[in-house]
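Enquirer: So the chains spell out like this:
4 protein chains.
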Amino acid sequence: MAEHHLTEDDQTQFHYTVGPYADPVLEVEPGDTIAVETVDAFEGKITSEEDNPSEILEMPYLNPQCGPIHVEGAQKGDTLAITIESIEPRGPQPRGTTCLVPYFGGLTATDKTAMLHDPLPEVVKKLEVTTDGIEWDEETTIPYEPFIGTISTSPEIDSIGALTPHDHGGNMDLPDITPGTTVYLPVSTEGGLVYLGDCHAAQGDGELCGVAIEHPTTTTITVELIEDWPLEWPRLEDDEKIMSVGSVRPMEDAARVAYRDLIDWMAADYDFEELEAYMLLTQVGEARLGNMVDPNYTMGAGISKEYL
Amino acid sequence: MAEHHLTEDDQTQFHYTVGPYADPVLEVEPGDTIAVETVDAFEGKITSEEDNPSEILEMPYLNPQCGPIHVEGAQKGDTLAITIESIEPRGPQPRGTTCLVPYFGGLTATDKTAMLHDPLPEVVKKLEVTTDGIEWDEETTIPYEPFIGTISTSPEIDSIGALTPHDHGGNMDLPDITPGTTVYLPVSTEGGLVYLGDCHAAQGDGELCGVAIEHPTTTTITVELIEDWPLEWPRLEDDEKIMSVGSVRPMEDAARVAYRDLIDWMAADYDFEELEAYMLLTQVGEARLGNMVDPNYTMGAGISKEYL
Amino acid sequence: MAEHHLTEDDQTQFHYTVGPYADPVLEVEPGDTIAVETVDAFEGKITSEEDNPSEILEMPYLNPQCGPIHVEGAQKGDTLAITIESIEPRGPQPRGTTCLVPYFGGLTATDKTAMLHDPLPEVVKKLEVTTDGIEWDEETTIPYEPFIGTISTSPEIDSIGALTPHDHGGNMDLPDITPGTTVYLPVSTEGGLVYLGDCHAAQGDGELCGVAIEHPTTTTITVELIEDWPLEWPRLEDDEKIMSVGSVRPMEDAARVAYRDLIDWMAADYDFEELEAYMLLTQVGEARLGNMVDPNYTMGAGISKEYL
Amino acid sequence: MAEHHLTEDDQTQFHYTVGPYADPVLEVEPGDTIAVETVDAFEGKITSEEDNPSEILEMPYLNPQCGPIHVEGAQKGDTLAITIESIEPRGPQPRGTTCLVPYFGGLTATDKTAMLHDPLPEVVKKLEVTTDGIEWDEETTIPYEPFIGTISTSPEIDSIGALTPHDHGGNMDLPDITPGTTVYLPVSTEGGLVYLGDCHAAQGDGELCGVAIEHPTTTTITVELIEDWPLEWPRLEDDEKIMSVGSVRPMEDAARVAYRDLIDWMAADYDFEELEAYMLLTQVGEARLGNMVDPNYTMGAGISKEYL
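Here the protein sequences line up with chains L, A, H and U, keeping their order.
Going by this note's numbering, the letters in the first sequence line up with residues 255 to 562, in that order.
Going by this note's numbering, the letters in the second sequence line up with residues 255 to 562, in that order.
Going by this note's numbering, the letters in the third sequence line up with residues 255 to 562, in that order.
Going by this note's numbering, the letters in the fourth sequence line up with residues 255 to 562, in that order.
By construction, these hints were calculated from the structure, which means they are not laboratory data.
Here the structure is a predicted model, which means the values were calculated and not measured.
Repeated chains share a single entry, so a pair holds when one copy, or any two copies, can fit it.
Simulated pairs of lysine to aspartate or glutamate, DMTMM-like, Cα-Cα distance not exceeding 25 Å:
no., residue 1, residue 2
1, Lys366, Glu312
2, Lys366, Glu530
3, Lys379, Glu540
4, Lys330, Glu309
5, Lys380, Glu540
6, Lys559, Glu382
7, Lys299, Glu410
Put together the whole structure using the sequences plus the hints.
Expert: Put into structure tokens, the structure is as follows:
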């Protein structure tokens, strides 16, 4: 049960793609705890409200990820259970950033929903962030409700851009991935290879403009190994509920994946018949829209433990 | 401020399409209250767990609607503010029904997501429903959290099937349409012509299998007229929040419509600039999945009044 | 085998919604031929390249339809086989119109794919149209390849806006609906009630900006009655191929509907097993994108008769 | 202008992911010609109509790719112009294979369009393939119209599964990529790194069941380097037309990407204004559905050179 500290200096270089081709920056045992110094999704490059994101940001070098962390003994077919212990903001104020990036977001033409419109204006907001809240403006303080925007294990042979969520986890932007939650991610390659970053100080459902309140943090996780539990999609668990997470397009397919996987889980581990679970979820299922802006949309589907 | 009672007998015949071609069954003044006896979405025809929905149900004669109710003075360009006062279950037990209908639901091939699979099995559950809850099985009671599944004003010249939600309201299946909420629906034709029905005793996000706990009710609403407030999409308001409702396909477009309309609302009535609202909703917006099963999918996008 | 002529004067008023609530303007017998004077999709109101469509066009009074034509003896469960005999341009030059309408089209934000962009500019092009071609500009002549953009039978109880294609036909904007083709449309109400209009002098796949080369025509059709052949979706037939037509969103569902219905057709009438048809269509199926701009997207799926 | 021959023996191992992490198997100069021995999409493992694909195929080791081929001097921002000279079937008969794979295809539930249905049956067809055609059954011969199903350059840092088409090319399954066509693919990493495989003897629009007539070939390509021509999406050119290719979900976004990119191309290289190109494509644009089955759907949008 060692405790590790993965500092920015230790990290030396961040990763913008999640795969099996990077060397581990840290090796841990199941049960170990790791405090990770994450940088924000812009690697701290947006420092002023006068900055133009389009001049500073360069594809595909976005959404810097810490790791990979190699978990001793993890093999294809296993699952990592990653419990988020705490997320603490760090770095000089104003340490929070949100902005409008041209052709990125939920209510703009994008590279995928391609149109003939000029881009929306670029706007940057720099924000004071503490555990007491985020000062949005003189009248408004937003509660500090931090979570990990991007957390992954490595795919087996592919390497997936850090902006993309899929069955390996990735850029899910799901506010449920918060202290007190355990995330289950499939192991597809030796050691699992955990990447994480992109912590948000707060975010609404869908991450509408594509940029939450991004901030650098010290994020502490504990990693456990569950042998021989192959997962098809990420899952979450906290004191109140279990939840499956689908990340595909269109959004209805993300919802289908999430609910379908949740039924699998209820059938395998909670003694439900599939159709019984289907009908019960119709009455009590909870859906959470993670993002409506990334290369895949993310939807979580959960059920309160009182029904299990 | 008259109080009306629209009984099943008064209704004489239900409507399976929502448009300007049916004669009003009731004429009311703005400010009036109406207690409406609704029947369930199957018009009470599914009475036993041995029933086969496919033998009993006949397209397009589904989802029977009460009304239309003509509101004196309502003109195109106005809006009706319909406050849900109460929803009470009525009729003999077991008065609740849920079931699996062939080729209808969120995790099955449908007439639109057409495939080569055989249908899933037909299953019917009949349930005791009281205001204390719904007895799902011996171990599980689901809280009674009733709402109106389908509530509409009439389109101007089209007549839209009662199963379809769109800009007139319709079959939104959004659990927020519950006692204490005011629904704003656009007036497109003289008198507004309110239709309602399809009350649910409980429902999870998305109405996964397509059939919530359907039940007959006495639903009491108060109708106010807001002149010269043309709406493009339905809106909701309760003590905590305001919410816009989009109903289109694919689901990301429903989310776009809902958030886009909410920004319009915040800009018009709450003194926000559009991009400021866009960025704030990114941090604090709330999305609610109504249905993922109807001819259009429904997504609500809301914001807590503390930010307005 | 009577020949009818339905002139603009006979029509007296056009229809902007397709349903069972309008009185027939003409009654015909199966086998009869009808020459219909159609107006363009803007009812001739855009007369100059200086016009602003947004000032002239008023929702929902768009896409004027001729009819309805009542076919003697047609009953629910039957099908109308409507053969397009000829389409001839009529009216004074420049009789062709295309334009950019704000928030309508394939590469713009729309009321459904809602965004924060300002609208694209409004542009109108008026064009000389003859059977020899359309003079696009000094260098370019586009061949005259006319077809019916919108042709429908009436739904049973709904009334569907003239801009929307669905299972009743409607605004499919499919270039295959051209002289020499027979369109099969389901009869859902007594007399079938045929509506048509929106003839295009030429159109590419998808009708990209939403407005083809719209023009007034004399369109001649022959209507036959096929008793007891209930269709779920429109179908086409010409000398070369048979084709099913799906109109829903998202576009993959339109493709699924079209191919699924084509397999039904091959199984019912051409002695294929379903999976055999599925595998053969994988090798020789032909897909045609009708529109990517209307409230539903339209995809046709066909197979050459040499394989039947 | 050297001529290279890349045999199965030279290849030594195939690739199931397309990225910059594999060593080149061949180095060529711009202008060189390479004859590549491709294997079929199942690596020849399906040899009998009694085989069960689900027992033989193992994710993610599918769709084996030849290469990567390093093109001397190719740098990020350049484009490779790859002309397909010929595709010749090779190997013992029956060398053609098509089949139904569980939960893969256009008319079945899949891992993304997740549902509760049991899988469709597994069916394998082994077929004689020659340049004279494919013997489908005793009555039916399908013309031999071969094309390359999967052809890519490497992404800059990601590695994309061989089943997925995207902006790097990949598994587009677009029948236009046939002898006589030049494919333009973006260079994102040094040497471009060309991968190809998955040649089809014939395929209909959409590759409906997900498996065309797969066959091993000798495919000969010539590779030219166009410096400083950065592409966002793949493009094609033959004697008749130019075409842009979009591969995303939902399908309407693939169509938007393709037409949007084609307008860019017309504006940059053929002296069109954007809105003029938009309106002309509305009348004469040609859309081709590549696949409706892969992790991204593929749509080509083209225009005849007579309009350029």
